[in-house]
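The two chains are supplied separately, each in an independent frame; assemble them into the complex guided by the hints.
So the sequence lines, in the order shown, correspond to chains A and B. Going by numbering that gives the first Met the number 0, the first residue of the first sequence is number 0, and it counts up by one from there. Going by numbering that gives the first Met the number 0, the first residue of the second sequence is number 0, and it counts up by one from there.
Read the hints as simulated data drawn from the structure, not as lab findings. Beta carbons are placed, not taken as given, at the ideal position from N, Cα and C, and that holds for glycine. Please note that the accuracy of each hint is not assured.
Derived pair list, reagent style BS3-like, types lysine-lysine, alpha-carbon separation capped at 25 Å [stated by the list, open to error]: (1) 118/B - 423/A; (2) 73/B - 421/A; (3) 73/B - 423/A.
Computed footprint of chain B on chain A, listed as stretches where at least three residues anywhere in the stretch have a Cβ under 8 Å from a Cβ of chain B [unchecked claim]: (4) 29 to 39; (5) 69 to 81; (6) 169 to 179; (7) 206 to 217; (8) 379 to 391; (9) 415 to 425.
Label pairs and their calculated CB-CB ranges [to be verified]: (10) 54/B - 243/A: 45 to 53 Å; (11) 136/A - 120/B: 50 to 58 Å; (12) 126/B - 191/A: 35 to 43 Å; (13) 221/A - 138/B: 33 to 41 Å.
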Amino acid sequence: MDQLMVGFMTIMEPMNFLSVFVGVLGGMIIGAMPGLTAPMGVALLIPFTYGMQPVPAITMLVSLYCGATFGGSIAAILVHAPGTPAAAATTFDGYPLAQKGQAGKALGMACISSALGGLFSVVVLILLAPVLAEIAIKFGPPEYFALAVFGLSMISSLGSRSVVKNLLGGTIGVFIACVGMDSISGFSRYDFGLTHLMDGISFIPVMIGLFAATEVFRQAEIGIRKIVVDRKISGLLPTWKEIKSVKTTLLRSSLIGTFIGILPAEGGTVASFIGYNEAKRFSKTPEKFGTGCLEGIAGPECANNAATGGAMIPTMALGIPGSGTTAVILGALLVHGMRPGPLLFLQHTNVVYAVFIGMFLANLMFLGLGLGGAKIFSQILRVPNYVLSPIILVLCVVGTYALHNNMADVWIMLVCGLIGYKMKAYGFAAAPIVLGLVLGELIEISLRRSLIVFDNNPFVFFTRPWSLAFIILTVVGLCMPLITSWIENRGQNNKEK
Amino acid sequence: MNNKDLRMALVLMVIFIILYAMSFSFQSSGVVKSHTTAAFFPRVVLLVAMFLTLIMIIQSIRQGPDAAKKKMDKAVVKRVALTMACAAGFGLGVVYLGTLVSIALFIVATMVVWGVESKRVIIITALLTPLLIYLVFNQILLVQLPSGILI
Numbered sequence: 000m001d002q003l004m005v006g007f008m009t010i011m012e013p014m015n016f017l018s019v020f021v022g023v024l025g026g027m028i029i030g031a032m033p034g035l036t037a038p039m040g041v042a043l044l045i046p047f048t049y050g051m052q053p054v055p056a057i058t059m060l061v062s063l064y065c066g067a068t069f070g071g072s073i074a075a076i077l078v079h080a081p082g083t084p085a086a087a088a089t090t091f092d093g094y095p096l097a098q099k100g101q102a103g104k105a106l107g108m109a110c111i112s113s114a115l116g117g118l119f120s121v122v123v124l125i126l127l128a129p130v131l132a133e134i135a136i137k138f139g140p141p142e143y144f145a146l147a148v149f150g151l152s153m154i155s156s157l158g159s160r161s162v163v164k165n166l167l168g169g170t171i172g173v174f175i176a177c178v179g180m181d182s183i184s185g186f187s188r189y190d191f192g193l194t195h196l197m198d199g200i201s202f203i204p205v206m207i208g209l210f211a212a213t214e215v216f217r218q219a220e221i222g223i224r225k226i227v228v229d230r231k232i233s234g235l236l237p238t239w240k241e242i243k244s245v246k247t248t249l250l251r252s253s254l255i256g257t258f259i260g261i262l263p264a265e266g267g268t269v270a271s272f273i274g275y276n277e278a279k280r281f282s283k284t285p286e287k288f289g290t291g292c293l294e295g296i297a298g299p300e301c302a303n304n305a306a307t308g309g310a311m312i313p314t315m316a317l318g319i320p321g322s323g324t325t326a327v328i329l330g331a332l333l334v335h336g337m338r339p340g341p342l343l344f345l346q347h348t349n350v351v352y353a354v355f356i357g358m359f360l361a362n363l364m365f366l367g368l369g370l371g372g373a374k375i376f377s378q379i380l381r382v383p384n385y386v387l388s389p390i391i392l393v394l395c396v397v398g399t400y401a402l403h404n405n406m407a408d409v410w411i412m413l414v415c416g417l418i419g420y421k422m423k424a425y426g427f428a429a430a431p432i433v434l435g436l437v438l439g440e441l442i443e444i445s446l447r448r449s450l451i452v453f454d455n456n457p458f459v460f461f462t463r464p465w466s467l468a469f470i471i472l473t474v475v476g477l478c479m480p481l482i483t484s485w486i487e488n489r490g491q492n493n494k495e496k
Numbered sequence: 000m001n002n003k004d005l006r007m008a009l010v011l012m013v014i015f016i017i018l019y020a021m022s023f024s025f026q027s028s029g030v031v032k033s034h035t036t037a038a039f040f041p042r043v044v045l046l047v048a049m050f051l052t053l054i055m056i057i058q059s060i061r062q063g064p065d066a067a068k069k070k071m072d073k074a075v076v077k078r079v080a081l082t083m084a085c086a087a088g089f090g091l092g093v094v095y096l097g098t099l100v101s102i103a104l105f106i107v108a109t110m111v112v113w114g115v116e117s118k119r120v121i122i123i124t125a126l127l128t129p130l131l132i133y134l135v136f137n138q139i140l141l142v143q144l145p146s147g148i149l150i
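Excised from the complex, chain B in its bound form (with noise of 0.2 Å):
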């Protein structure tokens, strides 16, 4: 049994089948027939899907164990999920801190998290980035990027 597969199509299956239940509760207006009111074809599109996840169940549980069945370090997932995280944090900077300010600083935040201990590289690339940003976005393509309470 391929438990990766299978938890995932588990999980995948559970997601579709609320989409599904949720779709009973889109409007439509009475007299119309059914493949024309709006709920018709992501029914179809869900069915389609369920079925799929279903040979997706059946395959994983019929396989042997999942040859590549080696656990991520510590280290890794931790780093990962720092990225992630450094990344949601650049999303809430661009809004509340700037767009520039944000870049230097998600910047700085990914490769401290990364292990760079070069600071002159950080320091660099912190700088230089939010400058071209700004050049590029603001000056040449005139997007105005949101400026937060910094800049």
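So here's chain A without its partners, still in its complex pose (with noise of 0.2 Å):
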């Protein structure tokens, strides 16, 4: 309680309360624009906040996070356009509320659910996050490298539909961790000759090029595109009665999104979806949705916005990022120095307690600005791609430089850029890639680690009981989407019989 009170009394301080404000901000408008997700905005952020100290730094990153998980839902809601992947099932029951004259009604829905499903969670996170800490407190190098392996299989259900694309993605992230010095032997390897890769890639010039630069790329591929806003902003926001009307709905939300957000490397866009098809399953009137009902809106956008405290638990309690977004944040953190995990909790309690807070305050905030400044967010989806795609490249190339001053950070992110381009193309995603570049080096040293200290005995992963629930998570985790389709395909057969 104390610790709260400390984290309380520091965000309230000028400096941070501005930074969440800021991240708040922003992450609505990068949300509300489509084709700029939230993992982007973040990694865009991170150049601004070099030369802040660690709390408003964080916080602002963690604010924008939340603040553009609810932003994706305006495009949603006005032109049936998702702002963020994570709004896509908003688009099934805002768009048509809206069009029925209803768009204030649908944007203050969105907004109260938003907010009440990260509020939520970010009172799961204070709860839980310590506690996941204490236990993981207590492991060594083999619990790590089964838990961070179980983190990497995950990914076969992030980004891309092929499990085994995912997977591939995930396992050139970690072999792009592995470029340097190695930590163990002070061998270099794959540097090529190049003074610059002996200190390995950093995360951010990577993350910058697969998220930000690739997106610009992929604007150009769609050339000049306007949206046009014909929808005014009119209808009366949610009545007391209504909101009380999807209360089941918003706590039902509120534990898959918070649920769905702690499992590694599942994100918003999976609770989103849970939400809302838990939301139909369990209304008294299903057939209503898809016409504009106000539970079709309540269920997704709370369950995603309940999934960013989830995904921030097994990335601040176990360095484990629980989605693309947080994976960028750990990766934020790093450059802050400090490292996620359980002695994090330990080492920078303030930092810790204060993100927490700030975490909380982005959700009250967002909704003030969501229920006030609708009409005002609207406006930014009529900024045309054209302008904002070479201004946003301008900032992945001046924000790059600004880690080290070096421009070789720089050619490596437009690299990033052309190969995150070329792969999408081919059906990879980028966040199993950046994924696996935050867990390569936890992986390599807690298995090298492990063999050293157990003297090369590969079975000492199977004998800890903490190592063995994790492989079996693992291998559960891998099956699963070939038991699933197994199932998916039995059925069709006996349907076809």
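Here it is, written out as structure tokens:
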């Protein structure tokens, strides 16, 4: 409780409070624009935080994450194009309600549901993360290896539809982490005679390249695109009675979103679709779904914002990112000299609790901004992509340069942008590569330390309870897509018969 | 057969084999066990990658032709390629011409490539962006941006 009070006092300092505000505002703007995603926004914001203290820097990034997750619903409701992938399910009922002339009500419900889901998940984060960290502090290298491999195995369900491509992307990410000086033997690997590569490849240029530069090249493919917002924000905000009518949906989606968020590599997109489906399944009027019903907005919006706090739990307590965006946040923590994991709670207690309170505040802040400024945010959709895309690439170049004042990072970023663009064309997603890159070092160090400490015995991973549990979960996680597709095929065959 | 995936998988397989072969040239102290050498982990990762690529090859052979087999319009390919060239030129420009001038030139070039017709939009964006970058990075964040021969 004392730590929470200290966190609260820290966040109330003007600079930290301002960081939350800027993060939420930036997040809502980025989220509202179709094509700009939360991980991209966080990656682009990192360079602006280099010179900041850790508390305002990390709270700004986390606030952007929360703001962007809600911001995605603005475009989903007004123009039927989700601002972020996590808002895709919101289009099902949000847009039809806007078409009925009740865009204000749809946006209001999305905002309230998002805020409630977000606040619920932050409370779970505050309660659960320290407990998880306390368990994880007893982990040795074998447990960490098994845990990191489990986190990586979960990428089979991230981004692209192909399990093999996702796993291959993750493996490529782990391989990129191998470049540079080997931390145990001290010998260099894959540096191709380039001095810059001897230090390894930094996360940030790769993340900015894969998330932001790739998107600019994809926008070039689309060409000039103007979004026409012909819908006025009209219709009253949801009434107290209407909010009360979706309270069960809100509670269910909060639980679903937080749980999905906790699972390594799952994120807001999966949470929002499950939130929508479950809202429909338990609804007394499922036939109204798709025609502009409030439950259909509350379900996905509450779940995707609940996933933000959920995703922060494994990121902060275990150092295993819960989503693509938290993988970028994890990279930012490392840039600011903090290694996420159980030791973070001992070494940087003040920062951790300030970030938790900052995230709580961010959810309250976008509630106010969203309800009060929906009309203004709808204007952001009018900014054409041919103005935005070159500016994003300028930010990519300047921001990457600012990391080490080094042009080599800029070239790495541009090459990653190019590779990301090509890989996307072949069905590979960026998030698994980033996750692999972030977890690569942890996997290598814990594997080799385990083998050194336990005299080259590979069975050590199967003889320790936690390690064995994570390995079983990994096997189950990897087999799950195969089992699901087998069940689906069987079901189809039976139907045909 | 899904030629697109097969092509990609074969290219990846060749890259992984080359990288695996390269790991034999890593230095090691000679007296250490295999798992403590610098090459141990990259080899494990590359073996996993090769295994996954093999699955991808088998899948692409067994699969039917790619459903979304649409060729990109030549104009689109040209626009993407030119945007990439503009980005590379921007990177070089930052070193030789300086950041602010390169930003303005890059924005003009990209917008022209994309077919933006409004000169007013191009000029305003090309002037305001370097100004904002200068204010935020140079003046607020105190980042010394490369100046090249110009500014």
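Structure-based check of each hint:
no.: 1; hint: 118/B - 423/A; result: violated (33 Å)
no.: 2; hint: 73/B - 421/A; result: holds (17 Å)
no.: 3; hint: 73/B - 423/A; result: holds (19 Å)
no.: 4; hint: 29 to 39; result: violated (count 0)
no.: 5; hint: 69 to 81; result: violated (count 0)
no.: 6; hint: 169 to 179; result: holds (count 5)
no.: 7; hint: 206 to 217; result: holds (count 3)
no.: 8; hint: 379 to 391; result: holds (count 5)
no.: 9; hint: 415 to 425; result: holds (count 4)
no.: 10; hint: 54/B - 243/A: 45 to 53 Å; result: holds (51 Å)
no.: 11; hint: 136/A - 120/B: 50 to 58 Å; result: holds (56 Å)
no.: 12; hint: 126/B - 191/A: 35 to 43 Å; result: holds (40 Å)
no.: 13; hint: 221/A - 138/B: 33 to 41 Å; result: holds (34 Å)
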